[in-house]
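Chains A, B and C, in that order, are what the protein sequence lines are. Under the numbering used here, read the first sequence as residues 1 to 912, first letter to last. Under the numbering used here, read the second sequence as residues 913 to 1086, first letter to last. Under the numbering used here, read the third sequence as residues 1087 to 1512, first letter to last.
Mixed in with the good hints, there may be bad ones.
Beta-carbon label-pair distances, calculated as ranges [what the hints assert, rightly or not]: (1) C:Arg1224 to B:Ala930: 45 to 55 Å; (2) A:Gly27 to B:Glu1033: 27 to 37 Å; (3) B:Ile942 to C:Phe1146: 44 to 54 Å; (4) A:Glu756 to C:Phe1146: 52 to 62 Å; (5) C:Ala1106 to B:Arg924: 27 to 37 Å; (6) B:Glu1033 to A:Tyr243: 37 to 47 Å; (7) A:Pro600 to B:Ala934: 51 to 61 Å; (8) A:Glu819 to B:Pro1036: 54 to 64 Å; (9) B:Arg924 to A:Asp439: 22 to 32 Å; (10) B:Glu1033 to C:Gln1362: 30 to 40 Å.
None of these hints come from the bench; they were simulated from the model. Small disclaimer: the values here were computed from a predicted structure and weren't measured. Ideal Cβ placement from N, Cα and C applies to all residues, glycine included.
In case you want the letters, here they are:
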Amino acid sequence: MAKIVIDGVSYEVDPANNLLQECLSQGLDLPYFCWHPCMGSVGACRQCAVKQYRDADDKDGILVMACMTPASDGAIISIEDAQASSFRADVIESLMISHPHDCPVCEEGGECHLQDMTLMSGHNYRRYDKKKVTHRNQYLGPFINHEMNRCIACYRCVRYYDDYAGGTDLSVQASHHHVYFGRQADGVLESEFSGNLVEVCPTGVFTDKGFSKHYTRKWDLQSAPSVCVGCAVGCNTTPGERYGTLRRLVNRYNSEINGYFLCDRGRFGFDYVNSEQRLTEPVRLLGSESQTLSSEELAETLAEFSNSGAIGIGSPRASNESNFMLRCLVGQENFYSGFSDTEHGAVQHIIELAADPAFHCPSISEIEQADAVIILSEDVTNTAPRLALALRQSVRNKALSLAEDCHIPRWQDAAVRELAQQQRSPLCILSSYATRLDDVASDTVIETPRVLSAIGFAIANKISATAPAAGATGEHGELIERVAAQLMAAQRPLVIAGTTAGNTDLIAAAANIARALQENRGDTPVDLCLLVPEVNSMGLGMLVNQENTLGRALEKISSGAVSHAVVLENDLYRRADSAVVDAALSRLDNLMVLDLLDTPTTAKASVVLPTTAFSEHEATYVNYEGRAQLSFQVHRNHSAAKPAWRWLNGDQECDVETMVNRCSSEARGFDKLGQLLPDPAEFVAGMKIPRQSQRYSGRTAIKANLNVHEPKQAVDPESIMAFSMEGISAQTDAAFMASSWAPQWNSNQSISKFQEEINGKLKQGHTGTLLIEKRAASGAYLQAERAYPDISEGSLEVVLAQQIFGSDELSARSNSIQERMTDPYIGISPADARAHGVRHGDMVSLDGIDAPVIVCIRSKMPAGVAAIYCGDGEINPHALPETISLGKSESTVGERGIRGLIISDVLEDYSP
Amino acid sequence: MNKQIIASSGQRARQLTAAEIADIDHEMGIYPDKQAVGLEALKIVQKHQGWVSDESLLAIAGYLDLPAAELEGVATFFNLIYRQPVGRNVMLFCDSVSCWIMGCEGLKAHIKETLDIDFGETSPDGDFTLIPVPCLGDCDRAPVMMVGEDLHRNLTTEKIDEIISHYRRGEGSE
Amino acid sequence: MVDNPLTKNIDRSRPPLEIAAYEAADGYQSVRLIAKGLSPEDVLQQVKDSGLKGRGGAGFPTGLKWSFVPQGDDTQQQKYLVVNADEMEPGTFKDRLLMEGDPHLLIEGVIIAAYAIRASKAYIFLRGEYVASERLLRRAIDEAVASGFLGNNILGSGFDLELIVHTSAGRYICGEETALLNALEGKRAIPRAKPPFPQVSGLWGKPTIVNNVETLCNLPGILTYGVDWYHSLTKGSDHGTKLFGVSGRVKNPGCWELPLGLPIRELLEGYAGGMQDGLALRGFLPGGGSTDFMLPEHLDAALDYDEIAKLGSRLATGTMIVLDDKTCPVGMVGNLMKFFAKESCGFCTPCRDGLPWVEEIFRDFEAGRGNEKDLQILHDHVDYLGPGRTFCALAPGATAPLGSGLKYFKEDFERHIKERCCPYRH
Ligand SMILES: Cc1cc2nc3c(=O)[nH]c(=O)nc-3n(C[C@H](O)[C@H](O)[C@H](O)COP(=O)(O)O)c2cc1C
Ligand code: SF4
Ligand code: FES
């Protein structure tokens, strides 16, 4: 700790930080643009100038940029100094010279950091009366709009996009006052994290395209603290609704998970909520007839299902409460998992490992601290994208430690990068095809699943001889030595695997590596991150009995042992071979499906109950770490859709609190779930937390064309939040804050006012609790179990490829995401392409599969392996055999094709 | 990571010539980092082609596996990299302070009139591209300009006429 | 003993000396000293003792700068020496003279400096338009390599040095030493934050020294003839000789090597022959476009770093630009402002957005649209673009002629407003 004096007041600060960061941590107002809390300083904008004095006798002082000056012990500075203030006003005046002042039509208006800083700096009147500089805007794809004329050249966009997120197609061009921030030519922004530009840009250059089409002011959005349902990371979000449609989704700061950034699936994959295809009525289907159920009929139907010994099939995309209520309805014995069978096994295994005290499952912010990483065949960019962004930060730990050795502070962003050049902490990726993280990997091993697993086991064995080795590792002896040594030398090694590669051996190998490391290190648990694909895969896994696989459920149905089944928010055709599903479902007398959109499974139902989407109900989900989080309802669904748990509870009035408490007390492993509920003592005199901002003006305008009276606000008896702007201020507990807002700070940058310190926890902490209790160590190493297929002449071993845009069922039904999706494809090596006589872009048929796929020739694929992307349900992955052969297909490539595919090793020009 | 698959601009890289590739490869031995070679490659391509077209820029990016966007950022920063076609002779006319004091404004007008083009333009016959350049470091013999690789000092209108007809005759740099 | 060590071999009427002739004129003696066992520490000490100050503009003591480079056997890492031969400062024409006049002198200086900091690789960052310099330097380097002064194990000393000519793709900011490093790395030439200084983390993150051409050309003399000789060259407070240039409407514009400390009058009226007939001296920029105006009353001041600083300007590159009484001072400052505005790298706000505004205002003054409000804005920008406000020294350089111009030629600005035109163009 250091002592510094700011405007005559003494403060305790961290000398490792710069003055700007420390001023903001102290809650002081000091304007800035180019600095960003997690991107450090470059000193470009000159907005954060303060006066610094040599000592108490120095009356003159000099101007310094707070962001570029260390908060060293004894520093004396002034923010209020007249010269400093007037310089800051001059900087704003400069920045506004060519700014269009189009605030009334700018979608950033009202939450614009530039507006805030302009006001804060005290520049009022435009003296500039010459010609402004203007620019041409670019087409940047379906997510982002470009309005370069609003640019104030703070360089944040390129620093974020290139330096932080590893993008390569956005750059700064030209020079002097003509600097331009864009792509080399018009085209889709390639980074999976492009959406954060919207929040990183301090003004309206990069804006959310979907939101822009029908934007509304921040203060007119109704919002609530929510959790992203795009994958198992569980990023915290703030969705915003107005007039019945969800308009946009922005980041909600959580120091342990997403920090300031989301991925594009999460940010843009929500508008299926507004879809015309939403299910809206509870119906009974008789052939092609559908008949709306009255409440009596509904009650009868539910009674019928529960009395007939129905089985229930849960869902990893449904909340704990819904899965739990289904379990209550059918009984634990009859509650089956909605995973595929392989995934079921893998998830059960992961839950078991999570309880092992040898391991620690790291949060996203902990992942950023890893200084040596090995990934065993999990394509994280496409399955848990936010985690990939964290890994891009972890490889920089090498640079930070080099900088420390040279006494360069870590916030000196450009200097640290310059010093380190290409030096990075080790990241080893074992995969059957090139991944999007390869550019920052120290080793990328592209091999068949069999060899990858053998390498994984061998690394563990190299670290501890007690760990079993398994199989031939090919030519990789040196790599195994090196990676083992790197992991052992690291202060915070990290091992990553997951279920989507579909190879449970890799999970075992990952656990062995982590266990071997732990054995070496003694007490400290080792970071082992085992990924599951969906928002509540872990919650479902914890609720379901180990033996209750989907396969057993389908067998039971097929055997005729049950006549009724309830499927909760799940499309079984994505979980098991279609033929098996068809065979089973056709045996049922009655199938009830609860879902929010039509799926092939709802098409087979006799009763369909429409459910609410994530933003329309309150619910808890368990992320990959076993962290349970509560997501609040943002807006009401005006149709008959209800939360699934509510239907399953017989459509009884009941609030989520009761649900959570029941789940907490009745379901094993969920006892801490109750802690997520806000403490009623915090809420003054029964007041609620408003979902609408104190400045919500839309309310009086609702239906003003019909009636000038303000309609009564809807009452929400079920939540601590109100559909209103009245209530206690969000400031009371930032953990329940719908969107951040502080005096003079209307933009997302206001979050600093709610943090304990910059980049720290929110003042009242974050909601969320880790459910999984550690039990006694087993200490046992795992064995390789999988039998790998023998690859005969001409056949290819199948591995599944995932896509950030397309592999997630719900986000795939959002408009902008659809523009980024591709058709199913098969990635093969040039050698195999030659052997099969196919060219890039050819359509081929796979034996046993109806739908044709497009050939994608990839330079970084092992021979004999086919990476198949199944599209959005076009191909049932469970119908794929272990090996496959290609046949010519007469079909032509559809409109979508694979043009939009962004992978690094495509050989478009390849021809046999 | 750099390969651009979404090619909405429709622009494609051209093939680099063997001579260009040989020159670029030579630079790889001189600089320890391919980004440095990127800027050299822009100069090399310009030497061979006269300017750097989009197709050339993409070709360099492809050859060196550098992001095209980054290369564009570099190419558009420096003023001796031409991202538009230029004439057979590039006239770099110094308009900095010493030349200004020595009357370059009048000469500027004369050149513009004679060639009937403005600064930044190429004469319709393709003979000359006229570009202003900061101080050429020959201030004691101002006004000065460079045509191709030749420096012309103590300029007068008469001298400029001579110079223009000299290059028009295709005599070029010695 | 020679009293013009920088230019003794230069004769503009013939090509520069080839290596044999250069050696015959005491050339490469310092490299032979190294081969005879002169240690890097000795070289550093002698350069420190010489009092040599950088000739690139900032006048920072060269020996002191070198001493920040990590030395000793535990610093086996790559280090670099970079020659700043970007010469783009308006009115500056001295490095070109040295490189075209005596390239071996620069090469010898490079070898010494590289040896002192134990850099095994050196780059000459040469202005792209200096095609003659490039040709001559490359030829001289080939000669030096052939004679064993460059390459591996130089003259059996165990010291290796590779010297590479890099031609710039153009832009004034490349002369700023950290922007130069970025340009060498093939990046956009924006300056870097200091600290860390290049001496610690420079080219590709390695310890690097950037020195001006003229600075390095001083080294052979210092080592060959000794520090005492070097001190004897001048009577003033600064040591050594310096290239001084005069441009503008004087009788005999040119560039001469003269002892530091010479009175300005001697340079202007003696060497440059005074003003052309019919013209009177209004003022002058003593060391290139980013120095403050000085007035006729300052003519008796000495051409010394400190002396000139006392009078509110800077000796900087030592190349003087002369303003006569028939040339519009407002136009002259306007010309410089246009230069600086265009050459801003675009990184920091005041420079990027402030200078173009200043430029526009000057354009309005030229066109008779000048007004009091804009004049005030010019005054405001002198402070706003000053030292410490911007990221690098480019914009503060621009405020030198701007601020001093506004002060010394106040009535000219006012006449532009009053007469609604440039009074020099009736
Ligand atoms: C905008 C700007 C342009 C510069 N241009 C040059 C230049 O062309 N040549 C040069 O030697 N120094 C130039 N300098 C000074 C260099 O940054 C640096 O101080 C110098 O090269 C150091 O060499 P020295 O210590 O030998 O003087 C420039 C500085 C600035 C701020
Ligand atoms: S003062 Fe700022 S914008 Fe100007 S050249 Fe320096 S860093 Fe670039
Ligand atoms: S925030 Fe400090 S200079 Fe931009």
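A quick look at each hint next to the structure:
In this structure, C:Arg1224 and B:Ala930 break the distance hint of 45 to 55 Å, their C-beta atoms being roughly 24 Å apart. Taking 27 to 37 Å as the suggested C-beta distance range, the pair A:Gly27 and B:Glu1033 does not conform, at roughly 57 Å. For the hinted restraint 44 to 54 Å between B:Ile942 and C:Phe1146, the CB-CB distance of approximately 29 Å leaves it violated. Distance hint check for A:Glu756 and C:Phe1146: the Cβ-Cβ separation is about 44 Å, which falls outside the suggested range of 52 to 62 Å.
Between C:Ala1106 and B:Arg924 the CB atoms are about 54 Å apart, so this pair departs from the stated range of 27 to 37 Å. A hinted range of 37 to 47 Å is violated for the C-beta pair B:Glu1033 and A:Tyr243, which are about 54 Å apart. Checking the proposed 51 to 61 Å range against A:Pro600 and B:Ala934 shows it holds: the Cβ atoms sit about 59 Å from each other. Between A:Glu819 and B:Pro1036 the CB atoms are about 45 Å apart, so this pair departs from the stated range of 54 to 64 Å.
In this structure, B:Arg924 and A:Asp439 meet the distance hint of 22 to 32 Å, their C-beta atoms being roughly 23 Å apart. The hinted range of 30 to 40 Å is satisfied by B:Glu1033 and C:Gln1362, whose Cβ atoms lie roughly 34 Å apart.
This entry does not satisfy hints 1, 2, 3, 4, 5, 6 and 8, going by the numbered hints stated previously.
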